[in-house]
Structure formats: structure tokens, C-alpha cells
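A.B. asks: Chains as they are written, first to last, in my numbering: chain X, 1 to 258; chain L, 1 to 172.
No lab work stands behind these hints, which were simulated from the structure alone.
Each residue gets a CB set at the ideal place from its N, CA and C atoms; glycine is no exception.
Treat the hints with care, since some could be wrong.
[Said to hold, decoys possible] Label-pair distances were calculated between CB atoms; the ranges are:
(1) L:Val61 with X:Arg85: 23 to 31 Å
(2) X:Ala256 with L:Val61: 16 to 24 Å
(3) X:Glu72 with L:Glu68: 22 to 30 Å
(4) L:Gly71 with X:Trp241: 41 to 49 Å
(5) X:Ala88 with L:Tyr136: 49 to 57 Å
(6) X:Ser130 with L:Glu41: 15 to 23 Å
(7) X:Ala14 with L:Ser95: 39 to 47 Å
(8) X:Gly251 with L:Asp141: 47 to 55 Å
[To be verified] Under 7 Å between C-beta atoms, here's a sample of chain L residues computed to sit facing chain X:
(9) Phe53
(10) Val54
(11) Gly55
(12) Phe85
(13) Asp86
(14) Pro88
(15) Asn146
(16) Pro147
(17) Phe148
(18) Val172
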Amino acid sequence: MTASPGLAPLEPAARDALAELLLSVADDEFVIGFWDSEWTGIAPMLEEDVATSSIAQDEIGHAKALYELLAELTDDDPDRIAFGREVADYRHAALLNHARGDWAFSVARRYLYETADAVRLTALASSAHSGLAALAGKMRREETYHMLHADAWVRRLADGEARDRFVAALLALWADAQDVFAPLEAGDRLVGEGWLPQPMSELHAAWVARVRPILEPIVGDLAALDPSPDGRRRRTDDFAWLHGEFTRVSGSEEGALW
Amino acid sequence: MIAARPEREERVWAELAQIPDPEIPAISVVDLGVIGGVAFEDDRLHVTLLPTFVGCPAIDVMRHEITERLGALDLAGSVVVDVTFDPPWTSDRISQHGRERLRRSGFAPPAPMPSGPVGLIGIDDLVTMPDAVCPYCGSRDTTLENPFGPTLCRAIYHCAACRQPFEQFKRV
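Could you put the whole structure together from the sequences, leaning on the hints where they help?
C.D. replies: Here you go:
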């Protein structure tokens with residue numbers, strides 16, 4: 001992928017800051033993409049089989065482009081970053097630690113993630129890092145379709161028998177959903193450089209203001225929670241299982257191409 | 001008034017116009033609008049490629065095909081394909097000729113993008129998603145069956161007039 005032309009090489013602290021931001025977004029897209037792909041072949045209806053598979057392909061494609069940007073910055077290999085880390089070294093938000101659950105659980109998670117991702121991408125599209133801004137702008141156009149899909153399913157599950165499952169899933173995920181906006185260690189620096197155009201706390205507030213009016217008529221009052229400082233470091237057995245799945249091919253033979 | 005392209009570049013564009021899109025071979029990469037530009041620099045021929053979708057698996061196929069085909073023209077020492085998202089590819093980049101080719105192959109061309117800056121579509125805008133014109137009978141009495149189709153860039157519709165399912169190249 002194309003670098004940011006004319007950008008001088010960064011000093012180590014600046015490079016680490018940018019790397020932390022890129023890795024957080026890339027890991028979110030990568031992990032939700034693999035959870036989505038768990039529905040391929042077994043979604044409740046054929047249309048959803050196609051939809052979740054297509055969305056998974058989008059998300060993993062976004063992760064690939066972000067890992068490539070990161071690898072260029074840190075002189076690394078995108079495949080190594082994607083598949084060559086231990087469970088504890090992934091930096092996705094706690095929201096993405098959970099196994100896919102039932103369909104209502106997946107829809108609830110997808111809605112919470114898509115709305116948060118939309119707020120984040122809108123901000124990143126005006127990042128001072130031109131390569132990241134261009135990629136975020138392009139990703140945002142595609143994510144429109146994911147939003148459309150998530151919105152449609154929230155409407156469908158808000159009534160009838162599915163409602164109880166959907167409400168239970170939303171309540172179970174609400175706390176961890178805040179962690180898409182968990183503070184980054186280099187947060188001040190990222191905002192100072194304009195790479196992250198707004199602090200995570202502002203993005204978090206914008207997201208809460210967006211989802212509350214949609215969700216509260218369905219689930220009732222939602223607790224006002226802050227993202228937790230370790231929101232991108234907590235890992236679960238569910239994720240350890242998924243990690244075993246997605247590293248199975250790369251781990252079977254070092255340097256294998258597929 | 002547009003200055004005539006140098007002959008060397010003209011040959012490059014003519015060759016690119018013969019390279020089909022790997023996923024919808026009815027349309028060339030030029031008509032699809034994924035070629036951002038062509039430039040000779042020193043002994044290298046640079047081609048800018050704008051992916052339709054970030055995760056499009058056809059990117060590497062296109063890159064390979066472009067490198068091979070243009071390399072065979074022997075116009076430069078090497079061919080470099082630069083993939084970029086700046087400017088982003090949008091479905092408005094598909095040429096009129098390309099739209100007609102899509103229609104004749106059973107694909108509804110994408111509706112034009114709304115003018116002005118394109119943000120995320122809000123929940124209230126969903127009902128205003130443009131319907132597609134049936135590529136078989138020309139009817140507008142069509143419904144979106146699934147915004148996701150067999151590839152990232154295709155959606156599935158149904159025509160109530162001729163009862164034919166068809167695909168639309170997504171507006172993006």
C-alpha cells in the first residue's frame with residue numbers, strides 16, 4: 001500500500017504512538033471478522049449466510065490494509081502481525097472477546113461494534129496521517145452497508161420472541177462495548193499530532209449519544225459507564241479458542257504461504 | 001481543450017482497456033475506473049490502482065495482470081502498480097460504456113452517488129436506498145433482496161415485473 005508521501009521518518013516515541021492506534025483498529029476489525037466468519041454455512045437463513053460472510057471478508061480486508069500500514073511503519077511483516085502473536089498480545093476491545101453466541105447475541109454485538117466503529121472512522125477520516133485518513137475514508141463508505149445490515153436486524157429483533165434474547169445480549173455486552181473507546185497509552189500524543197483528531201473520551205460520548213435513543217426504548221435504561229483502562233488488554237478463553245482457529249494454518253508450517 | 005496524450009501513454013491505456021475485471025469480465029479495468037493514472041518515471045512505468053473495495057481479493061490478480069500485460073509492451077524497464085485509497089474509488093468512476101456493458105451482462109449499474117460529502121447513511125436514510133433498474137426488462141419495480149452478494153461489490157435484487165433475480169454493482 002502507498003505510504004504517506006513526504007512524511008519524514010518518525011522518532012521512536014511517535015512511531016510507537018501511531019503503531020498503538022493502528023494496531024487497536026486493525027485488531028478490532030480482524031477479530032470481529034473472524035467471529036463473523038463463524039456463521040458461514042450455519043447462519044439462520046441463506047441471505048444471512050451470504051451477508052455475514054461478505055461482512056467478514058470486508059472486515060478482514062480492512063484489517064489487512066491496516067496491518068500493511070502498520071508493517072510499513074514498524075518495518076515488520078503484515079502476516080506476522082496478524083498471525084504471529086500470542087493471545088495476550090492482541091489489542092482488540094473487550095467487546096470482541098466473546099464467542100459468537102446465538103444470532104441475537106451476534107446481532108447485538110455487531111450493532112454495538114458498527115456504531116462505535118462508525119464514530120471512530122468518521123474521526124479517523126480527518127486524521128493528520130494522510131495514509132490512515134485515506135484508508136479510513138474508504139472503509140467508511142463500505143461500513144455504510146454494515147450499518148444498514150445491523151440497523152435492519154435491530155429493528156427485526158426488537159419485537160416478538162427474539163426480543164428477550166436480544167435484550168439479554170445487549171445488557172451482557174454493554175459494559176465491554178464501552179471499551180472500543182478504552183484510553184490508549186499514547187492518547188495525548190496521538191491527539192497532539194492530529195493522528196487521532198479527537199480524544200477517545202469525546203468519541204465515546206458521541207457514540208453513547210448516538211446509540212442510547214435507539215437502544216433504550218428496547219432495553220430500558222442503560223448504565224452510564226466509562227471505558228476501562230485495561231479494556232484492550234483483557235483476554236478470555238473464548239478469544240484463546242478463536243486464536244487457535246485462525247492461527248491453525250499459519251502455525252502448521254513456518255513460512256507457509258496460503 | 002485536452003492535450004493529446006503522448007503516444008507511449010496512449011499505448012498503455014489501450015492495453016489496459018483490454019484487461020478484464022477478474023470478477024466481472026464483461027467490463028475492463030479502465031471502464032471500471034480502477035486505473036487512477038499512468039506515468040513514466042525514469043525507466044519505470046507507474047500505474048495507480050484504486051481498489052473498488054479495501055478487501056477485494058481481485059486486487060492482487062489485477063496487479064499481476066497489469067504488470068504482465070504492460071511489461072510485454074516493452075515501453076519501460078519495469079512496471080510498478082501503486083495501490084492507493086487516495087482518491088477513493090467510488091462507483092461514479094464506472095464509465096458510461098462500462099455501465100452499458102454491465103447492463104448487457106445482467107448487472108444493474110450502480111445508482112449515482114448523492115452530491116455533496118458522503119457520510120455514513122443514517123437509519124432514516126435506509127428507506128431511500130435507490131432501487132435498481134432491472135437489466136432484463138428495464139422495470140423500476142424492483143426490490144433489494146440482500147445488500148450482500150456473491151462478491152463484496154455486488155447486491156442482490158428481484159424484479160417484480162419479469163420475476164427475475166439480478167445483481168447490482170453496489171453504489172459505494
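A.B. asks: Give a verdict on every hint.
C.D. replies: The hints, checked one at a time:
A C-beta distance of roughly 29 Å is found between L:Val61 and X:Arg85, which places it inside the suggested range of 23 to 31 Å. At about 21 Å, the beta-carbon gap between X:Ala256 and L:Val61 stays in the expected band of 16 to 24 Å. Distance hint check for X:Glu72 and L:Glu68: the Cβ-Cβ separation is about 25 Å, which falls inside the suggested range of 22 to 30 Å. In this structure, L:Gly71 and X:Trp241 meet the distance hint of 41 to 49 Å, their C-beta atoms being roughly 46 Å apart.
Range check, X:Ala88 to L:Tyr136: about 55 Å between beta-carbon atoms, so the 49 to 57 Å window is met. Take X:Ser130 and L:Glu41: their Cβ atoms lie about 20 Å apart, and the range 15 to 23 Å holds. Between X:Ala14 and L:Ser95 the beta carbons are some 42 Å apart, a value that agrees with the proposed interval 39 to 47 Å. Between X:Gly251 and L:Asp141 the beta carbon distance is about 52 Å. The supplied range of 47 to 55 Å therefore holds.
Below 7 Å, beta-carbon pairs count as interface contacts, and L:Phe53 has one with chain X at about 6 Å; its hint therefore holds. Look at L:Val54: its Cβ gets to within about 5 Å of chain X, closer than 7 Å, so that hint holds up. Proximity of L:Gly55 to chain X holds as hinted, the smallest CB-CB distance being about 1 Å (cut-off 7 Å). Given the 7 Å rule on beta carbons, the hint for L:Phe85 holds: about 4 Å separates it from the nearest Cβ of chain X.
Contact between L:Asp86 and chain X, as hinted, is supported at the beta carbon level, the nearest pair being about 4 Å apart and thus within 7 Å. Among the interface hints, the one on L:Pro88 holds; its C-beta lies about 4 Å from the nearest C-beta in chain X, closer than the 7 Å criterion. Proximity of L:Asn146 to chain X holds as hinted, the smallest CB-CB distance being about 5 Å (cut-off 7 Å). Hint status for L:Pro147 relative to chain X: holds, with the closest Cβ pair at about 5 Å, below 7 Å.
For L:Phe148, the interface hint holds, the least distance from its beta-carbon to any beta-carbon of chain X being 4 Å, beneath 7 Å. A cut of 7 Å between beta carbons decides the hint on L:Val172: the least distance to chain X is about 5 Å, and the hint holds.
Of the hints listed earlier, there is not a single one the structure fails to meet.
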